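Engineer: So the chains spell out like this:
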Amino acid sequence: MRNRRFVRTMPGTMLVLGTLAASPPLLGAQIGVQRERNAPSVYAITNARIVTMAGPAIERGTVVVRDGVITAVGASAAVPGDARVIDGAGLTVYPGLIDANSSVGLASAAAADNAARGAAGRGGRGGAPVQQGAAMSAPNSLHPVGLQPELAAIDFVHADPDAFSGPQSAGITTILATPSSGIFRGLSAVVNLGGANAQAMLVRAPVAEHIGFTPRRDGGYPNSLMGVFSVLRQTLLDAQHYAAENAAYAKNPRAMRRPEPDPSLDALQPVLSRQIPVVFDVSSQREIERALDLAREFNLRAMIAGGEEADKVAARLKAENVPVLATLNFPRRPQQSPDADPEPTRMLRARVEAPRLASKLQAAGVKFAFEDGGLTNWPEFLANAKSAVDAGLSSDQAVRALTLSAAEILGVADRLGSVEVGKVANLTVARGDLFSGRVTQVFVDGTPMDVRAPTNANGAALIANGTWQITVTLDEGEKPVTLTLQQVGDQLRGTIQGALGSNQIADGSVTAAGDVQFRTTITMNDGSEEARFAGTIEANVMRGTVRIVGHPQGTFVGTKPAGAPGSGRRGSPPPV
Amino acid sequence: MAALAAAAAAAQQPVPSKAGPTLIKNATVLTVTKGKLENTDLLLQNGKIAAIGKNLSAPAGAQVIDASGKYVMPGIIDPHSHTMIDAVNEGSLSVTSMVRIRDVLNPTDINIYRQLAGGVTTINVLHGSANTIGGQNAVVKLKYGRDVDEMLFPGAMPGIKFALGENVTQKNSQTAAQATGRPLRYPSTRMGQEEVLRDAFTRARDYKATWDDYNAKVKAGDKTSVAPERDLELEPLVEVLEGKRYVHAHSYRADEMLMLLNVAKEFGFTVKTLQHGLEGYKIASEIAQAGTGLSTFADEWSYKVEAYDAIPYNVAILMRHGVVATVNSDSDERARRLNIDAAKMIRYGGLTEDEALKTITYNGAVQLGVQDKVGSIEVGKDADVVIWNGDPLSVYSTAETTFIDGEIFFDIKRDQQMRQQAAQERAALEAQDRGRRAIVP
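Residue numbers (my numbering), protein chains in the order written: chain A, 109 to 684; chain B, 113 to 553.
Next up, chain A with everything else stripped away, as it sits in the complex (with noise of 0.2 Å):
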């Protein structure tokens, strides 16, 4: 607790926080954790290729990271005595990716949260309505839940493997934290995923204040997006007031009653100075332009994140000087709704547009780095921005702005985004490209992680994604068909194609044990039937029953390749 007071600190002087927290790991040394004390400390990857960001790519070097430090980068870079020695041939290594917005580690640090609040009977709350299954909330504040511009997330990070294992896979060494619910949502804070405590993965807060136009749902005011508009310029001229009013007092305490203290309206002063900008999260055009038009009514310094429609916005976001954080979390073509067949042109549109946004920002001349977009599925950020890059972002384009251009967004590229001596030691190690390849390892703070399967958010491996060979074995003998399978969460969707016809699969589901069941149409010789498949899944191999009207039970059995994304069990050995 003392810790987060101390972050807690008057606003004047929170920005200094980030020069405290620049060495992370010395600070969980003196926390003084048994295993990071006898975990090795110095690395040197040799024979890798080298993408630094701060000039052109090493083909065959070395890096060697100390104290969660990178104290030599070069292609004859002398690997030290006592350093771990990785073999990275084959290996590229990049500096550790940037999801420059994101929820992780914070979901279930609320849910935790509400918990023991809830056992505490909810006592010393400042008595604002709390909404419910709301996150997070501010302790003391004058304002309603969802009107906290002073909630900090570095309050509410949590050192969760379980969590930070999806990410890490798709390379991710650091996150923009952020409240994710409200209209005044909070401070973020940049973090990395990785330390022993919220203090140790702390790189910089707080970063920004971040603003969603989301009613609130309890039927408090305001409950509708006109409302929310006027809420936020209400505060925002209170917050004006609020300052003018303790200058006044400050200069002359006797001529007037002490005004009263306001951690909201005491937030909100770095924000109308201008030292910290405001990332509003909004997606559609008309959605970035009313953001727009507000951060130009207070002079704000904005950001957007999501974004699907910035591209339209492009000529002001430039003009302007406003840094995109685009999704990676493409739309998906709608599946069991009434918006599935036809599926509406703008939804078709928006799907077959969103991988070109990158490359149009780019042209363009806009800012920008890419955010998770709240997607669960970690093999979807690094293939959605492969598809950025087969729509016209070029592969170095993207790699920057996955690194050191959200290092410069985020105030952070004096110690993050590019492979550095005197950079802190967060790098993503992929087997041949990170785009085509896979990624191997990452380290964090100088310590190396190691990759393991997907997870989703409930922290269930992500075993039953990927494409399947499969036999299918039926009194109308044995039928090749092709699984592909997506999992979310314990849901699967996907496809059967190949002697069974081609059809969408439905009402799929997988255990953590790996139960695996689906229904889908087949077609047989004497027309379509339902068939309802039901097996488990081991390793690599799938079998089990096929159950259809009218026919014997069958089976069937299969296998996907190794090696695909997604495939192993959670635990299995890291294959750097």
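Note that these hints are calculated values from the structure, not bench results. Note that the structure is a prediction, hence the values are computed from the model and not measured.
Here are the simulated distance ranges between beta carbons:
| # | chain 1 | residue 1 | chain 2 | residue 2 | range |
| --- | --- | --- | --- | --- | --- |
| 1 | B | 545 | A | 581 | 31 to 37 Å |
| 2 | A | 327 | B | 324 | 35 to 41 Å |
| 3 | B | 220 | A | 364 | 46 to 52 Å |
| 4 | B | 543 | A | 665 | 35 to 41 Å |
| 5 | B | 259 | A | 162 | 37 to 43 Å |
| 6 | B | 173 | A | 454 | 35 to 41 Å |
| 7 | B | 545 | A | 195 | 40 to 46 Å |
| 8 | A | 162 | B | 173 | 54 to 60 Å |
| 9 | B | 527 | A | 665 | 53 to 59 Å |
| 10 | A | 327 | B | 173 | 55 to 61 Å |
Every residue gets a Cβ at the ideal spot worked out from N, C-alpha and C, and that includes glycine.
Please arrange chain B on chain A, whose structure you already have, making use of the hints.
Structural biologist: The following block gives chain B in isolation, referenced to the frame of chain A:
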């Protein structure tokens, strides 16, 4: 406050028309204010109606449209619309004068285009009727495809929505609120609505006095006083008191309308329009005397208790008493058929054709404070006109071309091309989509 007003004024500067001149020849021109002109030409130039007459010659570069056998009328004005908004009601409080329809306008709403196809050019986008004092309205020209700022009607009077009666008492949703344990919202009676109005305007008076005091002190050389807090709820009500903002009040029953007119009189302002006002015919003289207009449905009633006494002769009776009356859509799309609603006013109540047309054109312009710019075909007015293939008061007629500020925003031939383009785009998107795996493995 002055800075904000200046910014708002800047945003309302008219954008010069990008259209070249257009000469519409040989039309039957329904001027609305100056009768029906047969075989008449109409010249649109620089966004204005430049000339009306016979055998006008076309200026260089003008597009010439032969409108023989066709009708031209002013663009239709819908005085009560809920088109192109991403929110209708801020119903959480009984006074939400701080919310603005302007903030939630959606210039890409397809209903804009559909209404252009019904000959509509101007709409008054109103907040809903969930609370006694609702939000600020926006008067919009339907320039589909343009930025919001270009669509706002330059010089239209700012307004605000009020509401009385059953929608405000929230009898149904209050039962639901009780069931879910949410607090009830005051007021739940018409008595309470009157009190909310008095309370709000009393606070607005006090607020104005506080600022007047402060401004006087500053004027007298005071450099130390801190300016009072800005209050976005009360600022628009001060504007109402100062006659700088119109009140458009949702109401049904005669008693509640009289109540509002009395409160307005007491606080020294005029209610610009009663919206719906289904029982207006019972108090037509009082409404006329108050200088208040009324905007209603052509023929809808009995959909709730307070609508039982509605009659289709309402508009005609009000107009015979000198009330500026209009017919509206109260909808996000029904304005496409306002010409038929106007025709019904001839069937019920015996309005003349010009009077019927006024209920969807000129009278609406008066209710929005823009009658010197739109609402009739007169030289010097904005070139907001519509070519119909027959008499617009006939169910068999169709709007063919809709001009705003001299620019075409709907044309029935161009529409066919646009449908083809949309089909082509769709096919191209589907072709691009086919190669892409829908599922990321």
